[in-house]
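Visitor: Now for the letters of each chain:
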Amino acid sequence: MDVKDIVKPENLVYRKSRLMSDATFNFCPGCGHGVVVRTIAEVIEEMGIEHDVIGISPVGCSVFLYDFYKFDVVEAAHGRACAVATGIKRVQPDKYVFTYQGDGDLAAIGTGETIHACNRGENLVIVFINNGIYGMTGGQMAPTTLEGMKTTTCPRGRDVKTMGYPLNITPLLAQLDGVCYVTRHSVHTPANVRKLKKAFRQAFENQRDKKGTSIVEVVSNCNSGWGLTPKAANDWMIENMFKKYPLGDMKVDGKLVMDMNAPR
Amino acid sequence: MESKEVRLMKGNEAIAEAAIRAGADAFYGYPITPQTEVMEYLMETDSYARTGMVVLQAESEVSAINMVYGAAATGHRVLTSSSSPGISLMCEGISYIAGAELPCLLINVSRGGPGLGTIQPSQADYFQTVKGGGHGDYKLLTLAPKSVQEMADFIAEGFDLAFKYRNPVMILADGALGQMMEKITLPEQRPRLSEYPDWATNGTPEGKERRFVTSLNLLPQQHELVNQRLQAKYRQMEREEVRFESIMCDDAEYIVVAFGIIARIAQKSIEQARAKGHKIGLFRPISLYPFPIGEIEALSREKRVRGFMSVELNAGQMIEDVRLAIEGRKPIGFFGRLGGMVPTPEEIENALYRQFGL
Numbered sequence: 001m002d003v004k005d006i007v008k009p010e011n012l013v014y015r016k017s018r019l020m021s022d023a024t025f026n027f028c029p030g031c032g033h034g035v036v037v038r039t040i041a042e043v044i045e046e047m048g049i050e051h052d053v054i055g056i057s058p059v060g061c062s063v064f065l066y067d068f069y070k071f072d073v074v075e076a077a078h079g080r081a082c083a084v085a086t087g088i089k090r091v092q093p094d095k096y097v098f099t100y101q102g103d104g105d106l107a108a109i110g111t112g113e114t115i116h117a118c119n120r121g122e123n124l125v126i127v128f129i130n131n132g133i134y135g136m137t138g139g140q141m142a143p144t145t146l147e148g149m150k151t152t153t154c155p156r157g158r159d160v161k162t163m164g165y166p167l168n169i170t171p172l173l174a175q176l177d178g179v180c181y182v183t184r185h186s187v188h189t190p191a192n193v194r195k196l197k198k199a200f201r202q203a204f205e206n207q208r209d210k211k212g213t214s215i216v217e218v219v220s221n222c223n224s225g226w227g228l229t230p231k232a233a234n235d236w237m238i239e240n241m242f243k244k245y246p247l248g249d250m251k252v253d254g255k256l257v258m259d260m261n262a263p264r
Numbered sequence: 265m266e267s268k269e270v271r272l273m274k275g276n277e278a279i280a281e282a283a284i285r286a287g288a289d290a291f292y293g294y295p296i297t298p299q300t301e302v303m304e305y306l307m308e309t310d311s312y313a314r315t316g317m318v319v320l321q322a323e324s325e326v327s328a329i330n331m332v333y334g335a336a337a338t339g340h341r342v343l344t345s346s347s348s349p350g351i352s353l354m355c356e357g358i359s360y361i362a363g364a365e366l367p368c369l370l371i372n373v374s375r376g377g378p379g380l381g382t383i384q385p386s387q388a389d390y391f392q393t394v395k396g397g398g399h400g401d402y403k404l405l406t407l408a409p410k411s412v413q414e415m416a417d418f419i420a421e422g423f424d425l426a427f428k429y430r431n432p433v434m435i436l437a438d439g440a441l442g443q444m445m446e447k448i449t450l451p452e453q454r455p456r457l458s459e460y461p462d463w464a465t466n467g468t469p470e471g472k473e474r475r476f477v478t479s480l481n482l483l484p485q486q487h488e489l490v491n492q493r494l495q496a497k498y499r500q501m502e503r504e505e506v507r508f509e510s511i512m513c514d515d516a517e518y519i520v521v522a523f524g525i526i527a528r529i530a531q532k533s534i535e536q537a538r539a540k541g542h543k544i545g546l547f548r549p550i551s552l553y554p555f556p557i558g559e560i561e562a563l564s565r566e567k568r569v570r571g572f573m574s575v576e577l578n579a580g581q582m583i584e585d586v587r588l589a590i591e592g593r594k595p596i597g598f599f600g601r602l603g604g605m606v607p608t609p610e611e612i613e614n615a616l617y618r619q620f621g622l
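Chains as they are written, first to last, in my numbering: chain A, 1 to 264; chain B, 265 to 622.
If you are wondering where the hints come from, they were derived from the structure by calculation, not from laboratory data. Treat each hint with caution, since some may be false.
Stated by the list, open to error - Listing some non-contacts, in silico: residues in chain A with all C-beta distances to chain B over 10 Å:
no. : residue
1   : Asp5
2   : Leu12
3   : Arg15
4   : His51
5   : Asp52
6   : Ile56
7   : Glu75
8   : Arg80
9   : Val84
10  : Lys89
11  : Glu113
12  : Thr137
13  : Thr189
14  : Val257
Stated by the list, open to error - Mimicking BS3-like on lysine-lysine, the simulated pairs with C-alpha atoms at most 27 Å apart in a straight line are:
no. : chain 1 : residue 1 : chain 2 : residue 2
15  : A       : Lys70     : A       : Lys231
16  : B       : Lys532    : B       : Lys274
17  : B       : Lys594    : A       : Lys95
18  : A       : Lys4      : A       : Lys16
19  : B       : Lys447    : B       : Lys532
20  : B       : Lys594    : B       : Lys567
21  : A       : Lys16     : B       : Lys472
22  : A       : Lys70     : B       : Lys472
23  : A       : Lys95     : A       : Lys4
The beta carbon of each residue, even a glycine, is placed where N, CA and C say it ideally should be.
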């Protein structure tokens, strides 16, 4: 059988979103970023809102977002994505604005901007990639780095006595009145990717319906930064990251659905 | 028939009223003395009800300048105002705005530093404004008003310059100009923008190429080209945007160089000295960048001109640019008060006599 016999419209099971460019990802092989990036594009394409969407790509592995998307993207300084998004959204409330932030960006240098945008209930979608490490700068400690986890700036493991505790920030954000939707996902299996896609859809619909801030956290891997193979990184993520950062909804339609007594 | 609207206003209020009338789309700011009346006035007069101009109090100056960056990226007329310590916090964002080539209007109602300093008027942010502030090779087109009228007039002009060059424009005022009241003629109301520039990232229009805004270029070869483009823009500003006021310089033997509020006071000193027969003139740079180098150089080449004196509300900052323009052709002296102190006309007059041996 020739390849031409297979590549036919009726055999199509998956195609790249037409909102994705042909640029080569700068993400490491095995990294979850690429799946998240294309899943956002699929949701925007399916909702037909690509002419009204503006993405914000702050510093981190997220910074090259504008190379991958065929819709308008604004780069932001490290940590400032939510402020930049606010500035855009307030003058154009009918556009769809989303930020794409790593854990260093959202939970360290940009904590203030994030909390206050959420507290004002800015009509934004915040995509938060939590892989417990600074990927782009080569594997330094992040606010979300797990206790005992080794990075280049905590080479003997994170000592919570001197370096602070892993910051589980989304449950904190969920408690703000301006926030309508907080959910945590992963992309390590096709089923999880499908769940994430539904979450993105919900988040953008919330924005359309002007319900306030929606936060979609993705617990992801950083096999290069963690010094593991892609497979081992995912196994390590399931065993360790999911314990500290369990998957599931925290707030839906403005109502807290997480167990506030659960260990966090 | 056109009726001019005349009002008695504080400088800070004039900024706010002029911003509404300039058709601004948004103001993002954070309270700091001595410029808090800007946001207060915008809220009190309800700019949103008047023109649809958005006003938002940010959680910090860092956030405010990044909100400005966002609105500027979408081609809107956006401004912020602050005072010295707040401007220091904004410098990161200002560098990004300059690097991404976005238009916006910044206002520094400056006060005495360093550190928390004082809330009294000062010109100690001259270096920060015209020599950098944030990181990288960028320039802020800077206008220095001397009156409440100019505070108002420079708003629309500042927006137009910002859009002409896709560059941030700074209005460098001070606590005295912000707080003092003067009678001014208000500018006409002009409409807000209804169309946005092609580069604006406000959603990709159907059938058009998407846009993106960034100050990032990892390849140095590319980034040098970006820097060269910025520099070409700055050279154009130097050719086309020099602004100054020359008072009694035509027959002057001695020239005082002063900008902003201190130029007003120095003018009084010169008038008093003239009454005593001393031929002294006042040269007031209005654009601090681009600095009127050529005009000062020309004065320094005049045979009758025997000396210069830079008068500033700082320890001597603009004098470096005056000195570069004079290139040693004539002697130059300095008089300044520090830390929020403002001299009387007599203090400056006496300093002139000492400096020039009159």
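Visitor: Each hint should be assessed against the structure and marked as holding or not.
Guide: For each hint, the structure was consulted:
Its beta-carbon lying about 35 Å from the closest one in chain B, aspartate 5(A) satisfies the requirement of being farther than 10 Å from that chain. Consistency note on leucine 12(A): stated as away from chain B, and its beta-carbon is indeed over 10 Å from all of that chain's, at 25 Å minimum. Against chain B, the non-interface label of arginine 15(A) holds: every CB pair exceeds 10 Å, the least being about 20 Å. For histidine 51(A), the non-interface assignment is contradicted: its Cβ lies about 5 Å from the closest Cβ of chain B, within the 10 Å cut-off.
Its beta-carbon lying about 5 Å from the closest one in chain B, aspartate 52(A) breaks the requirement of being farther than 10 Å from that chain. Against chain B, the non-interface label of isoleucine 56(A) is violated: not every CB pair exceeds 10 Å, the least being about 8 Å. At roughly 4 Å from the closest C-beta of chain B, the C-beta of glutamate 75(A) falls inside 10 Å, breaking its exclusion from the interface. Against the 10 Å criterion, arginine 80(A) falls within the reach of chain B, whose nearest CB is about 4 Å from its own CB.
Residue-level check failed: valine 84(A) sits 4 Å from the nearest beta carbon of chain B, not beyond 10 Å. A Cβ of chain B approaches the Cβ of lysine 89(A) within 10 Å, the least distance being about 8 Å, so the stated non-interface status is violated. The beta carbon of glutamate 113(A) is not kept farther than 10 Å from every beta carbon of chain B, the shortest such distance being approximately 5 Å. With a least CB separation of 14 Å from chain B, threonine 137(A) remains clear of the 10 Å interface cut-off, as annotated.
Taking the minimum C-beta to C-beta distance to chain B, about 32 Å, the non-interface status of threonine 189(A) holds against the 10 Å cut. Against the 10 Å criterion, valine 257(A) stays outside the reach of chain B, whose nearest CB is about 28 Å from its own CB. Restraint check for lysine 70(A) and lysine 231(A): not satisfied, since their Cα atoms lie roughly 31 Å apart, outside the 27 Å limit. Straight-line distance between C-alpha atoms of lysine 532(B) and lysine 274(B) comes to about 22 Å, which keeps the hinted pair within the 27 Å bound.
At most 27 Å may separate the alpha-carbon atoms for a hinted pair to count; lysine 594(B) and lysine 95(A) exceed this at roughly 59 Å. The suggested pairing of lysine 4(A) with lysine 16(A) holds, with an alpha-carbon distance near 19 Å, which does not exceed 27 Å. For the given pair, lysine 447(B) sits about 19 Å from lysine 532(B) by alpha-carbon distance, which is consistent with the 27 Å threshold. For the given pair, lysine 594(B) sits about 10 Å from lysine 567(B) by alpha-carbon distance, which is consistent with the 27 Å threshold.
Between lysine 16(A) and lysine 472(B) the CA atoms are separated by roughly 20 Å; this keeps the pair inside 27 Å, and the hint holds. Among the hinted pairs, lysine 70(A) with lysine 472(B) is consistent with the structure: their alpha-carbon atoms are about 10 Å apart, no more than 27 Å. About 42 Å separates the Cα atoms of lysine 95(A) and lysine 4(A), which puts this hinted pair outside 27 Å; it is violated.
Checked against the numbered hints above, the structure violates hints 4, 5, 6, 7, 8, 9, 10, 11, 15, 17, 23; every other hint is satisfied.
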